[in-house]
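Two chains, two frames, a set of hints: combine them into the complex.
Protein chains in written order, with my numbering: chain A, 8 to 489; chain W, 2 to 542.
Note that these hints are calculated values from the structure, not bench results. There may be inaccurate statements among the hints.
DMTMM-like cross-link-like pairs, simulated, lysine to aspartate or glutamate; straight-line CA separation at most 20 Å [stated by the list, open to error]:
(1) K382/W with D51/A
(2) K65/W with D256/W
(3) K356/W with E464/A
(4) K384/W with D178/W
(5) K356/W with D250/A
(6) K153/W with D301/W
(7) K46/W with D471/W
(8) K356/W with D248/A
(9) K65/W with D235/W
(10) K467/W with E82/W
(11) K384/W with D235/W
(12) K23/A with E464/A
Read off the chains here:
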Amino acid sequence: MRFFARIRASLARMGKRNIDLIGLWFALLLAQQLVPPTNPLARDDLLPWLAVAMSGVALLRGRLLGPGPHPMLTRRRPEMSGWLHRASLAIAPWVICFTHDYARTWMPRDLGVATASAIALAVLLGLSAGWDQTAWTPRPGGGVLTWIGGTLLIGGVAAGTGLLRHYLGDAQVTRAISAGALLGIFFVAVGWVGGRAKNVRQRVRAGRKDGRRYRPPFFPSFLALVGPSVGLGVLFYVLPDLDFRFAFAGALLVVVWGAVIWPQPVPVAVACLLHEVHPVGGRDKVHPDSAKPFEQPPDGALRFNPLRTKRTRVMHAWYVAVQASRIADLDDPVKPLWPVPPPAVPYHILGNATFEPDPLTRSPQWDVLTVRMKSQEDTVAVSEGADAAMTRRMVILRPFPRTGIFGRRMTRTYRWDPRVPQEAVQVLDHTTESATLRTGDVLLLSTEGVAHAYEVEVGAPVYQAPGALNARPPQLGDYVAL
Amino acid sequence: MRWNAPVLGALFALTACNTSKPPTDWSLVGVYDASALVQTGLVGKGDDAGGAQYVWVSPGPMRKSCGPAKSPDGLGVFEAEAIANRLSPTLAIVLERNGDGDAPLTPDDARVSVGMPDKDSGAMEPVYQLEPAVMPRYVAVRIDGDAEPRYKQVVRNQLKRELCMEHKTGRGWIGGDRTQLRQAFLLDPPTGQSDRKYFGGQRDPVPALLGPPDACFQDAADQEDKSQDAGRGDGSLNLVPSDVWGASLRLCGPDETGGSAFTGMGAIPLTLGQTRDPANRKSKAKWGDLIATLHAGATDTDVTLDLSWQGASLLHDAPLLNQPVDDQGNPSGPPGVTDLLQRVPQAYPLVGTSKDRDRYTVLLVPNWQVVEGLRRIDEGKPKVARVSPGDGTEDGVGWLLDHPQYLFVQLPPRGGPKKAASPGESEIWLNVAEPLAGGPLGLMRWGYIPGMLSGRAPVVIPGYTKPSWDQEKLAHNTDLHAAFLGAFVALIGLLMLGLQRLSDLWVNVPEERVDFWPSTDAKEEEEDDGEAPSVPEGGGE
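The following block holds chain W by itself, in its conformation from the complex (with noise of 0.2 Å):
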């Protein structure tokens, strides 16, 4: 009984370190290679195996409304079915919730970045921002409020724009300034002179669509329906300015209103990993109210505007047109309209099983932007778009994955982002891939890629298979983490007894001497040596 009380202290030590509340809402318990990880998947199961998993097939009314979807400009093929169909690496990073609740994890409340070490104190920074894929929307747009039509057809004209580019590009509207938003709408050419097009001008990481978007108008009682003679676009596989300044958006249907089921086609299938409990595979894709209240003002700049979606409100009494002043405060340029769309939150994909829905959240990067980020690195400029993509590491994820310590994927603390120290600093986000860099001379870089108790968690692979042990084993380094553990063990116990022992390397051995040995061998040994010890006379020593 009484030796015991140490390691049932440690017992104890152990499980209080596992019980103290999470810091953040989210924890990670995954980070792999999506489409290796599937690929690994189909190995031996022959050449027809796999296969294409998803197909991108936009919406017919937002074909005839917006015309075709063109995928991004430089890429050929949207990047969920990149994604979903394994044609580039992509870096999955699987998040837990901490707690109970349903709501996804938005951009806002996620960082996923790359970092370098800063030039002055070495430490890794964050500097490189990545956009994980996101949920499609599905917008049923109304227009209300007092204010004279012609700025409630401003509003309509630039949702409707934007709302048609995310349909064609396949990729999530994130605003900008205005520079990328006059390259992004193709009225200036894009800076340089070799154009990436991430996004029809706009060269930094943008989020994907994991699926085709919906949009429509609900007020309709003052609009003619134009959308069938919308400019399509057609003439060409790139983005045209007709694709941006001939989309139009159609009048909703009686069931495309808020809270009623999106039926089209929706994201990519997400496939959770082994759990005890059934995966839930039950869409909750709907339709959400974009509602629009303008304000009439005595001029234009009065004109104010409520913005609310799904019913929570995201703008109140805010300007819909706002001058933009230089650095001394002085109005530089023709005024601008408020970006609605981009105040509209983007949601990342949540997964979980028939007891717990929300249980996991998937962010998906595609190699590109990793790539990019990588090569801006190396160049010293993480935040210069670079004119070509030239030459350097061409498997991002797989050298991140590598390199686990220039990933940083950031979380508010509970309770919000905690205030910087001092003026000059950013409010602080915690790091929760901060133990995939192994701590200190990455001792700690072993098995478990998050630690070792999130290390059972599933693993999230787009495609309709489940993934096996095996894949789910690799993706958490299982295999190696337990041979780790087993090869702690035995060093461990190995230099227990080394180190008890280590004296006897150069320790003396003690010797006696005697004067004579009584045997047969030392008889026999005369006999081989003929040269026989003496027995001195009196003996004794």
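If we strip away everything but chain A, and leave its shape as in the complex, we get (with noise of 0.2 Å):
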């Protein structure tokens, strides 16, 4: 049951963490449908509709091939430049398509396209030249020669396949090479055009953490060139007769590889907000005068229902570090410029509050935040002195536990309660060790019978935040006014 619980956790965190590039290809779907056979789009060798998956995918997940500035560094990122950033993305597949095509054809008009469109990618990469810009120039300098490489290389790869079709023809052989290399090139200029060969500098100048050289990564490059290519070819051997009519299976291909090669990025934290609420209603009635049984609910005693709540302005911000099975010193081993402080310890009032990994997929998660209790005594505490005995109850209530219909566990609070699922009460006491929190939880502390109730939310990530975990933690204090 644990193996086909894997499965469907695994199989619904990729939908939900690809849910755009699915979305992308259902829309590629619906659209070929409405191509009509004559149009530029419908070619029978699908670069064309290859491109196009793949502009989407690229305004979708486009970036850098290459680990980008060096981290350190404040990155520029004006929000025009972005928008025209991606769109540069976008046009770069069709700048080589249409060189290609010229090389097939040798027709004037293609080659009008061809350079229009390489014009049109040029000043899109002038106007967004200010984006992921950075300060620090380490060797003065254009990278013209960069440019010059990755131009003869992609362009030469592009006006290459064309010409073989036009000596070889359209044999199914000739076409099944040019697509798949052709495909393999789309992505690696998606993951290049946006590149500088400053970044590299930047990074070879600091070098490595352990001392070492650094050297640009290889595999990212070497993946996005050759794997599109490989299985766009092997759909070339699957279906022999591939044409227009199969351009869904094309344009899963590109979606997947697209998801392959430039998967979501996992947070570094979270932004957590809890919200200070009051309940609203349900409030019992009060009949003082007179004596009720023990099977319902006590007289004098307020009900709240996590469902019926208003919330005050009072809120509460920290951010949560999620945690993944990677380790930083690989993830990005360039050295650091300056001497930076560690990060405060992510804890919780209650403990250590983290995203921990799912624990079926043992992958990253951000939905579920775990806190782990330092210690007991702040849960339920009776302090007998010779002024007073207080006590303290906390309680995480949860509306919609994420449980199956069948086989769930019931409980209740007391006696005269409605059955709940279990995973619908938290009470944290002193054999408490962890408690989830998820959007709309409602954490209840009551002290000395005076309640205050915090909804949780969980907002939004922050994929480059290094000062997003020096925040300064919630206190107790931030709850309740000792």
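In structure tokens, the structure reads:
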């Protein structure tokens, strides 16, 4: 059962993480039906349609195949430059496609189209030059040689495959070779076009943490070049009469490799909020003049329903780290440019709060926040002193727990209460080792019969914020005025 | 990398399904009402748009030798004109060739039928066979052999009458049993009081010719050309005996031999839809040699013949005269002459592009055939011709498209028809129209009529105007298909989300009890309600 649960969890996670690409593929699937056979997009060599799919993937996921600027440098991220940068990524496959077409046909019209698209790409790159710009230029000078080398490689493949078809005709083998090579080049071009030689120089100058010389990673570009090419070659082998009818298969290939090469990044932390809430309604009537049986709720108690709350303007924000099975030195081995203080321990007032990996798939997740209790003294305590006795109770109420319909264990707080799923109530006492929080959960703190409630909101993930984890963690005083 | 394994597996499974060799030599890629489709292209183009696309003009020499062409009795127009000029609904069935080749599809290679549920099993069975329109033939007849001239004259008379019947009615000769032939030759009145006269007395479906045929005799050495003296049947709009018995054929001209191009009026134009390669518009109409070689015999029944058409042998050493026998094997009636023209294969029209001229074939079935079949099925007697047209479905093509489970387009599997499992069963043909029915409960009856991969195949319409993409989408239900896909995706997404949260509909919400809620709102509520909760001494729960 655990195996199937793991499969189900993996599929659910895969769908959730790649919902954008899945949506793109379905959009292409629908659009394919509506493209007339005489439309240039409906060519039987599938190149224009692959370029369409590639542009979609580039818009959604496209980013550098290399590591980019030094991680300690602040990057400029103007919004308009970002859009133009995205547009340049999306247009890059078309430049390759048009270059290939010109080499294939030797038609002046195709030359004009290829030239116009290259100019458009150059203009977009120029306008988006501010994107990801950093201040440090270790060795002044433009990356002319880098640009020339990249253009020669990408343009050479595009023109070479076109010449191959020009001289050898449109046999299935030549179509397969050219389409496969061009698809790989599509990915490489999208991953390279936003790169800068300066980024590599920054890293080379900084060196690695272990003192060795920094070398740009080779594998991402190799995978981007070879993986889709082989995939499309297999597709041509499996489908000898591959034509536009099977464009959905080609688009699926692009989308899948897009998800492989540019997976959704795992955030380093997630911004979380605790909204202070008050109950709305549900208050019991008071009948002090009559006794009630024991099976009925006691008079004078306030029933707090987590669905019937009203937020105040008070909120408490903190960052919660996302644990991933990775080693920071291997993630980015480049040496820091200046000493960095270690991040604050990301503990919640209740204990260490982190987004732990999914226990089934062991993959990082940032939906369920796990709090490992540092001690039990803050949960339930009775102080017996000369002045007074103090009782604290902490409960996490979860209105709709994510458990299955069948086989869920039920519990109740009091015997007169209706039965609720066991996961709906977490009572934090001295035996509690960990607690989980999701969006919508309500943390209820009751001290001396006076209650405070906080609704949890798991907010936006933070991908590159070295200082995020240095934020002050919430303290008990943030919750309850002691 | 790890998670994409199931996706790639699904992709390969999908492609593996699609790469299996097609079970038949032809695949169904479109079923639609050709007349309605052409008409939709004329919407908004004014009253004078469209117009007549085709006028039947029979070859002059045939008019001289056989008399005027008259069209089938009861219809008033040639069916080719009705199809091309949108005078009635026309069922169009487009088949795409699997693999290479240029041989046309013939009626022997395909069966188009209307079905009805079997009384016992309830399964749909083909019961009424339709006859799609065929290409006209241009026959140059030559009669050779060492048989006595009287036998040659018998063959000559038979061929000239049957070929003239094709010319006069615009329909292909398919032969028939003794009763049907006697009615066709106007020797016997049709059974019943009212005659539908599909073929001069024959009441079952007959394939229409898509253009006027032509025929002539090559061997005039021992014959005098009497075609000018033949009876014309000019005095009647309908077929009269002089149309049949006064028919004759002319002598072939020097360029009217097998393989030479036919220069007369061709068949109705059939235009292929949107394709990347330009459509082929060159006609392949050619004369064909029909050579009957008669071999002498001691008696009448010993005379044999060989028959060849365009170089292919159709009969070899077959008896010229056949003695009909009854159930006990005893002779019944006078011997009859072997029907030769019936054995000359008809061909369905081929359409294609400049690169592949014979890629598609289209089967055009006029509405009246479908209507006749449906009304017969309504009466529960699909094999019995009805006496009068009666009432019932009028747009048979539209009805059939709405109820595609009644349509059968049967093709033999690759390698020929499969033999039946038991002696009582007929040989097994595959129904390529089965996907139209939508499978169990009609669940798959959405969007593309024959399937997703075939849905982009071009349609074929009569006329000279190339069908627009909108017309193609209409024929293939493309918009419906796209809408279905979108709705399906949305439904699946909602279902997945809904099932995940289904239990939330009845799950109890946990509650917690506390004694006091310190807030400014609480004070306001106290004032508003006037009934504040008491704080018990000692607190706690």
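Outcome of the hint check:
| no. | hint | verdict |
| --- | --- | --- |
| 1 | K382/W with D51/A | violated (49 Å) |
| 2 | K65/W with D256/W | holds (19 Å) |
| 3 | K356/W with E464/A | violated (64 Å) |
| 4 | K384/W with D178/W | holds (14 Å) |
| 5 | K356/W with D250/A | holds (16 Å) |
| 6 | K153/W with D301/W | holds (12 Å) |
| 7 | K46/W with D471/W | holds (15 Å) |
| 8 | K356/W with D248/A | holds (16 Å) |
| 9 | K65/W with D235/W | holds (11 Å) |
| 10 | K467/W with E82/W | holds (18 Å) |
| 11 | K384/W with D235/W | violated (35 Å) |
| 12 | K23/A with E464/A | holds (19 Å) |
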